[in-house]
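Model the full assembly from the supplied sequences, consistent with the hints where possible.
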Amino acid sequence: MSLLKSILKRLASALVVLLGLTIIIFVLMRIVPGDPARLALGANVTEEVLEKYREANHLNESLPMQYVYWLTGALRGDFGMSAVTKRAVIQDITDFAPATIELVLWAGFPPILAALFLGVTSAQHKNKWQDYLCRFLGYIFVATPTFVFAVLFVLVFGYWLPVMPTIGGRLSPSFVIPDITGLYVLDALLGGQPQAAWDAFLHLLFPALALALGKTMQEARITRSSMLQNADKDYITMVTSQGVPQSVVNRKFLLKPSVIPTVTIIGMDIATMFGNAFLVERIFNWPGLSSYGMTAILNKDTNAVCAVVLIIGLAFTLTSIAVDIVAMILDPRMRQKRTR
Amino acid sequence: MKKIIAGLLCAAMVVTLFAGCGKSSSDSSEGTSAGGASKDSENIVRYTLTTTPQIDPGVGADLGAATVLINIYDPLVMPKKDGSVEPWIAKEWKVSEDGKTWTFTIRDDVKFHSGNPLTANDVAYTMQRLLDMGEGFGYLFSSTIEEVKAVDDTTVEFVCNKTTGTLLATLVRLYILDSKLVEENYGSGDYGDKGDYGKAFLLENDAGSGPYKVKEYAASSHVLCEQNTEYWNELDVNAPKEFKAIGSNEAVTVKTMMERKELELTDKYQTSETINSLGKVDGIDIMETNTGDIMYLLLNNSKAPTDDPHVRKALAYMMDYDVVCNDIFPNSKKADSIISQTSLGHKKMNDYSFDIEKAKAEIAQSKYADNIKDYPIEVCWVAETPDREKLALLIQAAADQIGVKVNVVKTPWASVIENSSAPESTANVTTTGFAADYPEAGGVFDSALSSKKAGTWMNCCWINDDKLDGMIDEALSTIDTDERVAKYEAIQDYLADQCVMIPLAEETLRFAYQSAYVDYNAADPEYSIPVMGYVNYMPNIKIYPDKK
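Protein chains in written order, with the numbering used here: chain A, 1 to 340; chain B, 1001 to 1548.
If you are wondering where the hints come from, they were derived from the structure by calculation, not from laboratory data.
Bear in mind that the values here come from a model prediction, so they are computed numbers and not experimental data.
A couple of the hints might just be wrong.
[As the list claims (entries may be wrong)] Some chain A residues judged to face chain B by a derived CB distance under 7 Å, without partners named:
1. Val151
2. Gly243
3. Pro245
[Stated by the list, open to error] Some chain A residues well away from chain B (every beta-carbon gap over 12 Å; in silico):
4. Asn60
5. Leu186
6. Asp331
The beta-carbon is built from N, C-alpha and C at its ideal position, and this holds for glycine as well.
Shown next, in the form of structure tokens:
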């Protein structure tokens, strides 16, 4: 019950955060220079057409009224029309979001195992070559911007060793898969096309890897330091002195409390990937939401920017709630703290 | 033991992974399976754009849109290399005595991709749709065409509200729609009984009769088109079977795709470094062409101190044209008029060269001679185009030498559009490049100089000269081409000494292309049509997949 109460409280505060976010982004997009009507319709349209556009999009109303119109539309799932694609923004989001979701899922979840493995290995072999290697790679990967990996992969695996599938798109043109979830690997598997699923996976591999590398190493470093911190605690000394084998101590008593900080970071990393994937998406010509949002910003596509920011904000908020839940499940003390 | 097994499993996974990657690649060359392409699907020309283009001919009007529209739709008349037009869907035409009513006779052997026959009614419908919507290329007709009539199946009449000599030239942008198909696909919208006028449908589908038809529209990445095998005009046997316009032009991706022969043509936005490095790759060459784009310094004629012609001329003398044409825009040619040499009606009008002494002399003759320091010149460059900052810095460096203060202002494109709407907010100097929408001097005069259309990013010189407006109107309404050209030349003579704007360089567009298996005649200066988009006109491109 206390867990449910805590979740409900978090959801309620998330709503307030999202509302604030929409106000900030809406006002910002409206006050930056550039007539949205002119930007949407081009330099040569007549004043009459511009006026019609402004009227249809409530651009002649006061700023608070414009926001009310936008918000009521957004609550119905109507974010207006995109000035760039000329389509309903919700249709664009439906088209673009699955690509980013699939990318983030692959870049976010499988590397968790790698991060935990490296972090634990590093901690277990403190100041040995395994530890030095993990830390050395950690420094390099964490310090290297994501787009550098992307460019490097294109160069190495796309050009020097041409093992990467065609750049651009999520699937080779020779495959047609059913549109079930929008996640190509899964759709291909559900459609009974393992070859297509493999092809989609290969298209995903390097963009996901570019996005995941730095974050994985960061998570490994946090796991390592958390493990080492907990290893010095009294209860571990006590369990060890009672003759419990080290592998059991590690697995049952040390790992669980040590991954809590890592879980928090992982959650934040996954959430930020939604917004930060644009460079990787650009470089691999990955048709995702981040890339769409970037184009919208450059073209002052107000409706699209507001919608993308809201969606990313929503993803961020939901992920952080999920992280809290996982942390509470892992550590009962946190549940008690929250409900106190 | 467990560790060894785990290690072996990991190694096996890695090997499998790369074997899988390798398979895709090798399959690609054999053209058999995943990630690969058959010989048939290699008969494709792929090119990049900044974004996925708009393919509704009533909405799209930029370069990306033009490259697709010219291939999937037929225009009423076809532009020629010399800037004139030739019969296309309209096989002949005549104009009334008063020069207001144009009557076109339409071919009767053209079918749309849907199988519907193309009739005069479709032409009339297309024009009416452009006028009603007022978007895309509609502005070319909205101020002139009053009435549109389909007289019978093969005759259509356009009635203008004034004598319009440039109508024919602008009709290269009238891409004829299959009215029946569009009407069947009206959605709900703001156009009364016409609903959305087929906008939603035409965003992702075509209703044309052109040499190619849309096979796949992916808003998020590309437009794929296939050859219309029943096209009324015979296509070369080596014309590509398909073409793909890719809405992304990240340099690293473009380079890799070109080197892997997964891209046939680059776009014009690639940096000269990228193009040069691609030019060094075996099987890739560089095509240089001129499609009428000129890089200008647009001068605000209504704001101090550039309201004085001597200050404007001084600015023209401050520009080092050699640096502009060789270093900033490599291989470009110094512009000798505000009209491109590729356009009908071009005449040489000025001969400014980099000369600090002359610039100083012009300042001395201006009304600001004694207090020029009190009037800093604001030079705005579009933030999204970093090469133009170099132009601004060039002026600043020269101005420094003669004691003129220049403020270089980096301005986002959205702000340039906003600022251009009033003389007070327009900078003294704006660095901008453009070409006319149709290959005649009238296109530039009408869009960029006529005070009736002032207030746009193209028309922000604020000349406000009634005589000039009269001359432009007079020229645009002249039916006879020779007479019209003479009037265009007269306008250039009239402007020669006023220096209302500074044409810097006729931009040379540089494309890298797969010369080993592609004949890129569409951009070859010997054959190219100097109208936006025609460097990607597929019937003028040949591909030889066997040479790949």
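Now the hints, each set against the structure:
1. Val151: holds, 5 Å
2. Gly243: violated, 22 Å
3. Pro245: violated, 15 Å
4. Asn60: At about 16 Å from chain B, Asn60 (chain A) clears the 12 Å cut-off, so the statement holds.
5. Leu186: holds, 17 Å
6. Asp331: Consistent with the label, Asp331 (chain A) stays out of reach of chain B, its closest Cβ about 29 Å off (over 12 Å).
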